[in-house]
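Q: Protein chains in written order, with the numbering used here: chain D, 1 to 129; chain W, 130 to 258; chain X, 259 to 336; chain R, 337 to 414.
Keep in mind the hints are simulated off the structure, nothing from the lab. You may find that some hints are simply not true.
[Unchecked claim] Taking lysine to aspartate or glutamate and the DMTMM-like style, the derived pairs with C-alpha atoms no more than 20 Å apart in a straight line are:
1. Lys-231/W to Glu-30/D
2. Lys-231/W to Glu-110/D
3. Lys-199/W to Asp-242/W
4. Lys-116/D to Glu-353/R
5. Lys-231/W to Glu-103/D
6. Lys-102/D to Glu-153/W
7. Lys-70/D to Glu-48/D
8. Lys-123/D to Glu-57/D
9. Lys-291/X to Asp-323/X
10. Lys-102/D to Glu-218/W
11. Lys-231/W to Asp-9/D
12. Lys-116/D to Glu-168/W
13. Lys-123/D to Glu-153/W
14. Lys-252/W to Glu-24/D
15. Lys-102/D to Glu-232/W
16. Lys-102/D to Glu-168/W
17. Lys-123/D to Asp-347/R
18. Lys-116/D to Glu-167/W
19. Lys-231/W to Glu-39/D
20. Lys-245/W to Glu-313/X
21. Lys-231/W to Glu-89/D
22. Lys-70/D to Asp-9/D
23. Lys-102/D to Asp-242/W
24. Lys-231/W to Glu-24/D
25. Lys-252/W to Glu-275/X
26. Lys-252/W to Asp-269/X
27. Lys-123/D to Glu-89/D
28. Lys-123/D to Glu-365/R
29. Lys-123/D to Glu-24/D
30. Lys-102/D to Glu-167/W
31. Lys-102/D to Glu-30/D
32. Lys-231/W to Glu-48/D
33. Lys-117/D to Glu-391/R
34. Lys-369/R to Asp-347/R
If you're wondering where the values come from, they're calculated on a predicted model, not measured in any experiment.
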Amino acid sequence: MKVDARLTDLPIVSDTHPALSPYEVGAWTEFRGLVRAEENGRLIRALEYQAYPGMAERELQRLLGALLRKHACLAAQVIHRIGVVPVGEAAIYVGVASRHRKEGFALLSEFMDGLKKDVPIWKRQALSQ
Amino acid sequence: MKVDARLTDLPIVSDTHPALSPYEVGAWTEFRGLVRAEENGRLIRALEYQAYPGMAERELQRLLGALLRKHACLAAQVIHRIGVVPVGEAAIYVGVASRHRKEGFALLSEFMDGLKKDVPIWKRQALSQ
Amino acid sequence: MRILFFGHLQDITLQAELVLMLGESGSDELWNKIIALHPGLAPFRSAIRLARNQEYVGSDARFIDTDEVALIPPVSGG
Amino acid sequence: MRILFFGHLQDITLQAELVLMLGESGSDELWNKIIALHPGLAPFRSAIRLARNQEYVGSDARFIDTDEVALIPPVSGG
Chain D
1 MKVDARLTDL
11 PIVSDTHPAL
21 SPYEVGAWTE
31 FRGLVRAEEN
41 GRLIRALEYQ
51 AYPGMAEREL
61 QRLLGALLRK
71 HACLAAQVIH
81 RIGVVPVGEA
91 AIYVGVASRH
101 RKEGFALLSE
111 FMDGLKKDVP
121 IWKRQALSQ
Chain W
130 MKVDARLTDL
140 PIVSDTHPAL
150 SPYEVGAWTE
160 FRGLVRAEEN
170 GRLIRALEYQ
180 AYPGMAEREL
190 QRLLGALLRK
200 HACLAAQVIH
210 RIGVVPVGEA
220 AIYVGVASRH
230 RKEGFALLSE
240 FMDGLKKDVP
250 IWKRQALSQ
Chain X
259 MRILFFGHLQ
269 DITLQAELVL
279 MLGESGSDEL
289 WNKIIALHPG
299 LAPFRSAIRL
309 ARNQEYVGSD
319 ARFIDTDEVA
329 LIPPVSGG
Chain R
337 MRILFFGHLQ
347 DITLQAELVL
357 MLGESGSDEL
367 WNKIIALHPG
377 LAPFRSAIRL
387 ARNQEYVGSD
397 ARFIDTDEVA
407 LIPPVSGG
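Can you make the complete structure from the sequences, with help from the hints?
A: Structure, rendered in structure tokens:
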């Protein structure tokens, strides 16, 4: 079981493939949350994210680790971008390796719900076009 | 709305990003089904897939198009590999662009269920190690 | 009409396709003819769907000699 | 103790952190002190969770002067 959780202030570059034995991984599910040009009805050029450093990574790690065990997945990676994220770029990346697709989909969905409840990261402001 | 469905007998190379306006896409969800080294309890080095060409693409297109409309997603791509697929490589790739994550996750999950019911593609044989 | 076999059905028929001249016929007549030629298919009939010209059809379908008919056993893609 | 403000709370406090010497105290005492300094936080109190040394704590938590205490407004990552 392998969990990787981190913040970055650069464009997100994910591992391209689970660094795991191919004996077990049958499903590789990835999600990117991208910044949309419209935020609350106005056009923006970027969103600025803020995190509570240390605690944010710890909560990401805790949440991902708990869901990995709950859904018996094999590995997961989450990268959240902090600072100014231009429209069209990813604010978050999540990748899950699992034996079968169902547990990977379940983990991903629950992870995103948990992220939006407990991980101390905020959309700080929208930068207008 | 954009749907791309195809078969390939080469390693799958997906579009790296939805070729869409960043004004709308807030979620980019991808799934790869990988060939596992264990198939029905024995070790294999590859799976061989067979398709009914023409009908397989048409069913993929129909299924993906119907789910895109149902879940109001923006674009989707599916690529299924045919022929010998070595262990660790992807037999299928699905990518979905949507405004929000929930409709993308729903589409992906229903698409895979539908694929395994209606799309004329078969695991033809497992090649032993 | 061209009759196409896929998946494990090819292990039974030892052929990927077959050409029949039946005139217009219903699915029972078609099935009877196919099973007469390949009796090993009989146990799988209930699990096999028919496609006519690359579209699934129901048991009420009619077939003509210019049709391409495929026997579709349970699929296993992905 | 160090008190950290995040998200829109920084727009109210106009500071990211504050150092208080309170001695051991409960969360009500802590809140009273913080709101005395930044009355604009009062309307948000019920929506704010407290973290002590980077762990969420409940309303029964006790704090000492070496703690790092964060006021966590509703998060909005992802």
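Q: State for each hint whether it applies.
A: Here's how the hints hold up against the structure:
1. Lys-231/W to Glu-30/D: It holds: about 14 Å lies between the C-alpha atoms, which stays within 20 Å.
2. Lys-231/W to Glu-110/D: holds (11 Å)
3. Lys-199/W to Asp-242/W: holds (15 Å)
4. Lys-116/D to Glu-353/R: Given that 20 Å is the threshold and the Cα spacing comes to 24 Å, the pair is violated.
5. Lys-231/W to Glu-103/D: Distance of about 16 Å is within 20 Å: holds.
6. Lys-102/D to Glu-153/W: violated (27 Å)
7. Lys-70/D to Glu-48/D: Not OK: Lys-70/D and Glu-48/D at ~33 Å, beyond 20 Å, violated.
8. Lys-123/D to Glu-57/D: holds (16 Å)
9. Lys-291/X to Asp-323/X: holds (14 Å)
10. Lys-102/D to Glu-218/W: holds (19 Å)
11. Lys-231/W to Asp-9/D: Roughly 26 Å separates the two Cα atoms, so the pair is violated.
12. Lys-116/D to Glu-168/W: violated (38 Å)
13. Lys-123/D to Glu-153/W: holds (18 Å)
14. Lys-252/W to Glu-24/D: holds (18 Å)
15. Lys-102/D to Glu-232/W: holds (16 Å)
16. Lys-102/D to Glu-168/W: holds (18 Å)
17. Lys-123/D to Asp-347/R: Roughly 13 Å separates the two Cα atoms, so the pair holds.
18. Lys-116/D to Glu-167/W: Answer violated: Lys-116/D to Glu-167/W is near 37 Å, above 20 Å.
19. Lys-231/W to Glu-39/D: holds (18 Å)
20. Lys-245/W to Glu-313/X: holds (17 Å)
21. Lys-231/W to Glu-89/D: Holds - the C-alpha atoms of Glu-89/D and Lys-231/W are around 19 Å apart, at most 20 Å.
22. Lys-70/D to Asp-9/D: Violated, at roughly 30 Å.
23. Lys-102/D to Asp-242/W: holds (10 Å)
24. Lys-231/W to Glu-24/D: Violated: Lys-231/W and Glu-24/D sit about 28 Å apart, past 20 Å.
25. Lys-252/W to Glu-275/X: holds (19 Å)
26. Lys-252/W to Asp-269/X: holds (13 Å)
27. Lys-123/D to Glu-89/D: holds (15 Å)
28. Lys-123/D to Glu-365/R: Not satisfied, since the Cα-Cα distance of roughly 30 Å exceeds 20 Å.
29. Lys-123/D to Glu-24/D: violated (37 Å)
30. Lys-102/D to Glu-167/W: Given pair Lys-102/D, Glu-167/W holds - Cα atoms ~18 Å apart, limit 20 Å.
31. Lys-102/D to Glu-30/D: holds (13 Å)
32. Lys-231/W to Glu-48/D: violated (23 Å)
33. Lys-117/D to Glu-391/R: holds (14 Å)
34. Lys-369/R to Asp-347/R: holds (19 Å)
In this structure, the hints that do not hold are numbers 4, 6, 7, 11, 12, 18, 22, 24, 28, 29, 32, in rising order.
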